[in-house]
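Listed here are the chains, written in short residue letters.
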Amino acid sequence: MIDTKELLAKYEPGKNVQTITAEPQVRLARYSPCGKTLVAGGYTGQVRRWNVGGDSAEMPALTGHHAWIDGIAFCGDGELLFTADSWGQLCCWRGYAAEQPEVAWKNETAHDGWIRELAVSPSGQIVASCGSDGCVRLWNVADGSSVGLLKNGRDVLRLAWLPDGTLVSGDDRGIAKHWKADGTVLRQFDASSLYTLSRLQDCGGVHALAVDREGKSLAAAGLIPKNGGTLTGPPTIIMFDIATGEEKQRWKLGADNDAFVGDVHFHDEGFLSAVCYGTPGAGKLVYVAPGVEAPFFEKKLSNAHSLSWHPDGKRVAVVTTGPGSNGNGRPLDKEGNYKGNKSPIQVFTVPG
Amino acid sequence: MLRMVLRCCALLAPVIIFGLAGLAAADDAAPLHAQIDKLIEAKAGGAVAGPATDGEFLRRVYLDLAGRAPSVEETRAFLADPAADKCEKLIDKLLAGGDHVRRMTQVFHVMLMERLGDHAEWQKFLTASFEANKPWDQMVREILSPDGENETTRGSALWYTKRLEHYGENPVDIPGMVRDVGRHFLGIDVQCAQCHDHLFVDDYKQEFYHGMLAFVGNTTIRTDLSFPAVGLKPLDKKIEYMSVFLQKPEAVGPKLPGGQEVEIPTFAKGEEFQQPPDKKTKNPGVPKFNTLKLLGEQLPRAENQLFTKNIANRLWWLMQGRGLVHPLDLTHKANPASHAELLDLLASELAAHQFDMRWLIREIALSQTYQRSGVLAEEALPQSYRAALEKPLSSEQMLASIQQALGDGKPLAIDLSAKSWTDWQTRFDKALANPAREPEVGHNPTVKAALFLMHDTTFLGWLKPTGENLTTRLIKETDAAKVADELYVSVLSRPPSVDETTAVAEYLTPRADHREQAVCNLVWSLIASNEFCTNH
Amino acid sequence: MNYSHLCTPHEHALSRRQILGAAAGAAGALGLGSLLRPAIAEELKKKHKQVLFIWIDGGMSQLESWDPKPNTTFGGPFRAIQTSVTGVHVSELLPRSAKIMDKLAIIRSVHTKDNSHSAGVARIQRGDPKNRGVTYPFFGSAVAKLLGPGDSGLPPYVWIKPGSGGFIHGDAGFIGPKYGAVAFGDGKPPENLVAPPEVPPHDADERAALQAAANARYAKGRGKEMGEANSYVYEVARTLMRRQDLFDSTKFDPKDVERYGTHEFGRHMLQARKMLEAGVTFVKVNSYGWDTHGDNFNGHLSLMPKFDQAFASIVSDLDDRGMLENVLVIAMSEFGRTPRINGHIGRDHWPEAWSVAMAGCGLARGAVVGETNEQGTYVKTDEYDIGALFHTWFSCLGIDTKKVNYDNGGQPLPLAHEDMHVVKELLA
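For the protein sequence lines, the chains are A, B and C, in the order given. Sequential numbering from 1 applies to the first sequence in this note's numbering. Sequential numbering from 353 applies to the second sequence in this note's numbering. Sequential numbering from 889 applies to the third sequence in this note's numbering.
Calculated from the structure, these hints are not laboratory results. Some clues are possibly wrong.
Restricting the straight-line Cα-Cα distance to at most 20 Å, the calculated cross-link-like pairs of lysine to any residue (SDA-like) are [as the list claims (entries may be wrong)]: (1) K782/B / D1074/C; (2) K816/B / R1095/C; (3) K1018/C / D1295/C.
Away from chain A, derived, C-beta distances all over 12 Å, residues of chain C [what the hints assert, rightly or not]: (4) D945; (5) V973; (6) D1039; (7) P1077; (8) K1112; (9) D1144; (10) E1165; (11) D1273; (12) G1298; (13) L1315.
Owing to the predicted nature of the structure, the values given are computational and were not obtained by experimental measurement. Ideal Cβ placement from N, Cα and C applies to all residues, glycine included.
Go ahead and model the full structure; you've got the sequences and the hints to work with.
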């Protein structure tokens, strides 16, 4: 039985917060496995990087991508960084901590359109990508050659590897699937309450996905959509038993006028950490434990989109959005230029 | 065959002779209805229609005063009555009856609430007011300054509470409420006064709106009571606004158009309430400076010309089909009254009679202008009143008249508390009434209403023969002439012409083998005719 | 201070008679009343012009549709694609419309004043004219009055919308409630359209004849106006009854249904085509739910293709049937969406720089008017408010807004904002 008091003692974020402000906005940030670099992708085709520790200076951004970067993954051996964008390009960089990493290989048409996530297999040999073309594609880490194709049919929003080399995916209709690398579907998980058709609009889907260390539990998260347009609903995590496909538990993390769970992570000690965002300014960092009904930790943050635990287990970085990010008006900066938004990345330290 | 009997009020004719100026000196002693006719005829500008036929008058006065068409019994009795003063007697009889209370309640409900909503307490307030023939100024006082302690009148607060509700995403429409105070009780549309910058020269009128806003802008809905009620937040400073023309800031406290500005007293903090609010019970308290009470005292007064003219105009519209100022809430320089002297007269006389609405309605009903026929050989402008104007039937009048026409011929006993009646009324309102906030003042035929009369199964069900209803009686009657007579008297409150009788016989005779359906068709065609659906 | 919010739909009915013209209710040939000079009236009578007005309620993002700025700070995730007009690109979310760009006219330099829905929708549809103390009619009501119902016998202003139907008086503003919209909720026929079993067709005919005879007798010696208005609504009711095929989706060609899309917007657009084919003067189709303050990009990813297939299908179909010459097609919202991406991955309201798509009657083909800057934040070229578009549309329909006015009881009122003018580059 999980002892949430003990977990809190170890993992409750302390008062010490370091803020790295990313301007323009970023959505996704990930620590490298070595822990030296924080890599983030946003809306402008640039892969942003910061040194971890010391002054957390920003390193030169990696260019060559277009539009939105929603795929960031690492392969520890060879210091490889994989990035993917919303135009379908997949890129492998060697030496991600160097000033100017080299492009090991790239594929401009890895997918037709939006690549939603990247994940490297436990063996370190395959990098998987998924996207709006309804497929999960598997690529050889060394040279980018295609080694597999999993046809989902619907827009695949998220994916994750299990320790045994199988994969799970989550799509825009709230259906998660357990696959073998050869394309066989082993099982489906019904998280369709994370989806609704409102008038014309398909709303929701699996916006965050995580698998526990042993490959026994799957967390699919998003929101329970109320209606389309300005999409709102209670952010929700649904946990499944992978072997049976059954829903084991679900957590409702907010109110009707909140929005998505942006990211979810299974900690090695068995609890889940997640971040949520919502209508102007709402959002939080939250911990839930299987078997425990209510979250055992919550911290309000402004529109948090992703979280990443440092490999040393003592830090967690949360990408938030600066205040006043909404508005119908025409906010201008001091020089009279139209302003975009910023993403303060909050780095919390925990006792560990 | 009934003869057309000339309308009895021809007796009054000697009093008003076209253009006889010599009687001017006697005007002050002449009854109001006589003065009305004199002023109308002075501006007629052409030949006027003769008096309405018995049938015309009968149906018109029933619809106007009783809110329904007359029954077969009532029609036949009136048409056969030889008495010279039968019109006046009928008017008095109707004014004294329960139907009249219902009629006035319905008219004022639609006029004041404009289909925004309803409540049993509001109905109680209206019904009690009209049962007692409560003077209009007192009614307005009770509406503008509702008394939550008075169980009979407290429902008057619905006028405010419905206007203080949220509609969808929109904020509470305080400007709309301020505007309605002006429209309903003063006959002016203060909001639009601000936009008429090409019609109004001076800034003065912008003050109207803000002055009235100061009276009612702090009203809130009370959530602590089970009946409609309002609370009031204290007003501690003038309303500020920017002058459209002079581009300079202005401020005004509570002030009625043409009235004196009320000075806003200052209180020490915590001293503003005569009865302090209670956060626990959610009672908003009562401020010492009670602007609603002041409004109730200042607005409905005989000295307030806008107030008196407004009600006089509305009662004129109710009976005649058109306001002397038309539309009814649009008094301004570019929309003067068609008969300014007459409007002044009606207003001052009503005020002199303590705002007794029943009295004024009676006087209008007794006038030749009211009792004129609607048929005139040449076209005349409506505002000349050379012929009686056609008035559309309200949803309430339609239900009552259809039920009356298709029933057993006896006068309807309408029970407004009966669920069947309210269900029918809701059904009729859905098809025939205007959407909320669209005043039901003029003629507005819709495809929806037409399809309703053509196909609504509840209504069509009433055409089928049951008991002693009209269809049953018509099917049973073998004499063709008697069929036509019963049909026309029941539905149109008049005997049929020779041609009409022939037409009925010609229609029914070849359809003897499906007589029921043929009779239904005939009855339907008269109900759906313009003659039935219009108050003429 | 702007007072226009204070003038609510209860308009000044001072001279509705004058505005309605001689025959208030007549479904007559012209239905133009006292508005136009005889010469113009005759010209218009020759070819009955029609309008298809597609209202995308909530604010379609111009950056995810007609004016993409791919790979820029605010450009969003999507790519831009080529169209059938060289040098013109649209968002990848509009593949079918891209193929028929040569039939379309797009304006990218729209800058309007209101960034709210509640006021903005009405202001846009009323053309946001100068405040003259009256409530201007919605474009549909104006066209219903100016062009009349034509020969169809159907109501001149029809609105196909999700949700409930009914008769929407308020659209008509000061020109009189008769010119309101007849709305068909979810494209369904109005309540009571279908005759119940107790009124078989033979009896319906007899009832109509008996009613007409009664009305003729009653009319003697009375003013025509009220009687004619009453009769008119029965005529429209009976015409609608005869045209129930317009509401019967089982009668739609399954191939059409697939092309337009089986979703509600596709169904409604297909029904709109049938209404236009039946001769209805002004057909408005609404789509709701476009106000993507949150999750704008997944939202448009789902919404745009549905708009695209129906829009491209109807424009192509109208063209194939030779109707595009006489039908003015407009697709628009009440504003665009902010370039700035907010904290819940959405875009907010942006009237400062947005686009309107059009096709058909009187318009240039394959035209793109106006440009926004590189980031899509502001208009670079001449800006146009909605008033200018109204001038342009009236011109397309053969009405010269410099010469024709409304007559509000002797007070002439311009059809569109008097300080604005047609957008010449949009005209054929």
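Here is what the structure says about each hint:
| no. | hint | result |
| --- | --- | --- |
| 1 | K782/B / D1074/C | holds (19 Å) |
| 2 | K816/B / R1095/C | holds (15 Å) |
| 3 | K1018/C / D1295/C | holds (16 Å) |
| 4 | D945 | violated (9 Å) |
| 5 | V973 | holds (23 Å) |
| 6 | D1039 | holds (35 Å) |
| 7 | P1077 | holds (21 Å) |
| 8 | K1112 | holds (46 Å) |
| 9 | D1144 | holds (18 Å) |
| 10 | E1165 | holds (24 Å) |
| 11 | D1273 | holds (16 Å) |
| 12 | G1298 | holds (41 Å) |
| 13 | L1315 | holds (31 Å) |
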